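If you're matching them up, the sequences are chains A and B in order. Heads up: the first sequence begins at 0 in numbering that gives the first Met the number 0, then just goes up one per residue. Heads up: the second sequence begins at 0 in numbering that gives the first Met the number 0, then just goes up one per residue.
Because the hints were derived from the structure by calculation, they are not lab data. Being a predicted model, the structure only gives us computed values, none of them experimental. Yeah, the Cβ is synthetic: ideal placement off N, Cα and C, and Gly gets one too. Treat the hints with care, as some may be off.
[Unchecked claim] Chain B is nowhere near these chain A residues, computed Cβ spacing over 12 Å in every case:
no.	residue
1	G97
2	A142
3	N190
4	D197
5	S222
6	A237
7	I267
8	N366
9	W378
10	S385
11	E394
12	T417
[Stated by the list, open to error] What the simulated footprint calls covered on chain A by chain B, stretch by stretch (three residues with Cβ under 8 Å from a Cβ of chain B suffice, anywhere in the stretch; the number is not a length):
no.	segment
13	103 to 117
14	251 to 264
15	346 to 353
16	404 to 416
Letter by letter, the chains look like this.
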Amino acid sequence: MGIVLPVLPAFLAACLEREPDAGPSTTGAGGPGTTGDGTPATTVPDSGMAVGTPANPVQQPLFEDNPAIESGLPQEDGPLEIYNWEDYLRPRTIKRAGEALGVEVKVTTFFNEEEALSRLASGEFEFDVWFPTSQRVPVAVAAALIQPLNLDYLPNLEKFVWPQLANPYYDLGSRYTVPYVTYTTGVAWRNDMVDSADIEGQANPWDVFWNTEYAGNMGLYDSFTDTIALALFRNGVADPSMATEADLTAAGDSLVELIDLMNVRYTIDGAYVGIPEGRFALHHAWSGDLVNSQYYWPKGSDITVTRYLWPAKSQGSTVSGPISNDTMAVPKNSRRPVLAHNFINYLLDEEHSLDNFGWVGYQPPQNGLTSEYLIGDGWVPDYLESALVTPEDFELPSAWVQGPLDPATERLWNDQWTRATSGG
Amino acid sequence: MPTNLQAAEYDTVGQRRWVWPAFALPGVVWLALLFLVPFYAIFAIAMGRLDPILNRPIPEWNPLYWQPDIFVEALGDLFGGRIGVVALRTVAYVLIASVLCLLIGYPVAYFVSRRAGRWRWIWLLLILAPFWINYLMRMLSWVNLLGGDGQVNQLLGAFGIEEFPNWLSGHHYVVILGLVYGYIPFFILPLFAALDRIDDSTLEAARDLGASSSQTFWRVTLPLSRNGVLGGLVIIMLPMFGDYYTPNLLSGSPRTRMIGNTIDQFINQTTSQGSLGAALTVLLMVFVAGLMLYYLRTINRSTEEARR
Chain A
0 MGIVLPVLPA FLAACLEREP DAGPSTTGAG GPGTTGDGTP ATTVPDSGMA
50 VGTPANPVQQ PLFEDNPAIE SGLPQEDGPL EIYNWEDYLR PRTIKRAGEA
100 LGVEVKVTTF FNEEEALSRL ASGEFEFDVW FPTSQRVPVA VAAALIQPLN
150 LDYLPNLEKF VWPQLANPYY DLGSRYTVPY VTYTTGVAWR NDMVDSADIE
200 GQANPWDVFW NTEYAGNMGL YDSFTDTIAL ALFRNGVADP SMATEADLTA
250 AGDSLVELID LMNVRYTIDG AYVGIPEGRF ALHHAWSGDL VNSQYYWPKG
300 SDITVTRYLW PAKSQGSTVS GPISNDTMAV PKNSRRPVLA HNFINYLLDE
350 EHSLDNFGWV GYQPPQNGLT SEYLIGDGWV PDYLESALVT PEDFELPSAW
400 VQGPLDPATE RLWNDQWTRA TSGG
Chain B
0 MPTNLQAAEY DTVGQRRWVW PAFALPGVVW LALLFLVPFY AIFAIAMGRL
50 DPILNRPIPE WNPLYWQPDI FVEALGDLFG GRIGVVALRT VAYVLIASVL
100 CLLIGYPVAY FVSRRAGRWR WIWLLLILAP FWINYLMRML SWVNLLGGDG
150 QVNQLLGAFG IEEFPNWLSG HHYVVILGLV YGYIPFFILP LFAALDRIDD
200 STLEAARDLG ASSSQTFWRV TLPLSRNGVL GGLVIIMLPM FGDYYTPNLL
250 SGSPRTRMIG NTIDQFINQT TSQGSLGAAL TVLLMVFVAG LMLYYLRTIN
300 RSTEEARR
């Protein structure tokens with residue numbers, strides 16, 4: 000069953016004037032998409048975006064004016080224009096991909112997804128490959144920022160990628176995207192500065208951020224969606240997407256409390272740089288940041304003190320935790336779509352994705368790159384096994400995947416974030 | 000020589016009247032392109048609407064369709080609303096940092112301009128040295144210096160001091176001192192120029208008329224350097240009001256957030272709050288423009304007094 004968010008009433012009907020192609024499993028407008036045999040359905044965008052969850056996957060709609068490229072086309076000449084986060088592709092991997100494809104590869108970076116969406120929406124930039132987070136895929140499809148993929152050019156998707164993400168809940172059939180890397184969001188700490196028993200085995204591991212033992216030594220991400228969600232989890236909300244205004248106010252109160260109680264600091268580099276430097280004993284963390292942190296320790300330090308826990312999978316935990324993945328897509332106005340497909344296929348190759356992982360630190364969802372392999376082969380130290388994601392993690396009831404926030408909800412989240420960060 | 004008929008086309012030194020104003024053309028074009036156009040864009044974003052799909056602000060270029068509601072909201076937020084405390088803190092930080100710049104910078108500028116003798120250019124070079132290094136890099140170096148095992152703590156340890164605060168954990172004084180450190184060269188330089196321009200004979204006249212050293216300073220040097228002080232203060236206060244990376248790097252705590260952090264948050268972390276961020280930017284610009292106008296008025300008045 001698909002979920003149609005009734006949050007953007009004037010959505011495409013008024014703004015895009017585009018009708019979705021009638022596909023074999025397309026449902027009628029307005030209602031949640033279902034098919035008779037219980038298979039996932041396509042949602043129609045004249046009443047909302049197609050937003051899926053692992054329990055309620057969706058297929059993104061296709062549009063007549065935004066077709067996929069034909070099969071069997073020759074590759075265009077370079078250069079290939081990539082649009083990505085900074086330091087999110089290994090330079091060596093890019094160089095090797097360019098050599099393999101016989102083209103020059105250029106990378107342009109964005110600071111955050113809002114900036115990326117704005118630039119792509121302006122239509123003034125012609126990138127060939129973009130790396131949106133999975134939660135932005137419905138927005139990117141609805142706004143016609145990306146084009147459908149022709150999977151004939153992407154044999155490595157089926158060959159190498161976890162079945163769960165080769166046919167992901169947010170984009171069934173990989174109509175517009177293929178997965179790039181996966182990550183969870185949890186708690187990172189140094190066990191020489193924090194008693195691990197205060198986190199591991201706890202019913203609510205998120206509560207450690209309110210443990211005054213660590214006042215002055217803890218930090219959270221300077222990212223309103225991640226941190227408001229953290230406070231909601233801490234307060235026992237299982238699905239932050241369904242948080243009421245009262246839940247959000249309580250989350251804001253909890254974060255305001257951290258200012259005096261814990262002398263909280265908000266950072267973006269606290270997990271992978273701050274913990275190794277000793278600036279933080281405890282920090283809110285994306286799992287990939289923790290894997291990456293091993294390269295930031297000063298020489299001679301005992302790096303083995305690093306720990307990570309994802310509360311959704313922790314023994315004894317009763318609370319949820321975020322899980323997500325980033326994707327690769329071809330912008331609609333790409334001038335080299337075949338080359339873009341070939342580059343994506345190159346990155347989907349297990350060997351190439353592993354090469355990239357060795358520098359980026361965020362885990363690619365390739366079948367052969369299991370936790371056992373990555374630890375056994377020395378890519379990830381065994382004490383950071385908890386920072387590795389497995390395909391089954393996406394199916395845990397306590398795993399939370401974030402969807403896009405509509406303007407009114409974003410406003411509510413932001414109001415609380417402004418309270419939390421103003422230090423009143 | 001121009002004839003009478005041609006006189007209207009010429010000014011007193013015989014140049015065509017458009018020649019001198021034409022010198023301002025590059026500056027006017029520069030300002031129009033790099034100030035007026037971006038400012039209009041910010042204003043248009045504040046007055047615009049939200050894209051219903053991407054949830055981001057769309058600028059409204061046509062003034063006929065401008066909606067000023069966002070400014071009402073921004074003013075409400077600033078005066079007693081959710082960011083009132085941030086605005087007050089910003090004003091306090093900037094005022095304290097400016098006073099410290101004045102107390103530290105004036106003696107330095109005075110010494111270099113009037114007492115350093117033949118070494119004054121070496122001193123000036125040392126004062127200018129920070130200009131060679133990017134502000135952000137200088138702040139990042141302080142992050143290392145003030146870190147738990149940083150050089151500051153090592154130095155304190157060498158003097159037997161074992162108990163020291165976690166400097167980077169959200170202290171007002173660290174952020175204020177960071178601002179002072181970052182901006183003080185910009186204060187000293189115009190003040191140096193103003194003090195350097197004071198005619199020695201004026202000071203000698205004061206002394207000849209029986210003024211003591213301190214009287215000469217308070218009644219002659221200080222009033223004559225007033226424009227330099229004001230100029231220096233304006234130069235450092237304007238960027239300080241918009242600063243956000245100093246509190247970010249040296250603290251990261253909500254306790255030390257400045258209005259620049261809030262604007263950055265609205266514009267860079269969210270999409271739907273971009274208009275509010277733009278409105279706050281405009282209000283901040285109006286506020287600092289007020290300071291600038293005060294400075295220009297004072298300069299103008301003192302110039303007129305000097306002419307009389």
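To see whether the hints hold, each was checked on the structure:
no., hint, verdict
1, G97, "holds (31 Å)"
2, A142, "violated (5 Å)"
3, N190, "holds (17 Å)"
4, D197, "holds (20 Å)"
5, S222, "violated (7 Å)"
6, A237, "holds (24 Å)"
7, I267, "violated (9 Å)"
8, N366, "holds (35 Å)"
9, W378, "holds (29 Å)"
10, S385, "holds (26 Å)"
11, E394, "holds (30 Å)"
12, T417, "violated (5 Å)"
13, 103 to 117, "holds (count 6)"
14, 251 to 264, "holds (count 4)"
15, 346 to 353, "violated (count 0)"
16, 404 to 416, "holds (count 8)"
Consistency note: the structure conflicts with the earlier hints numbered 2, 5, 7, 12, 15.
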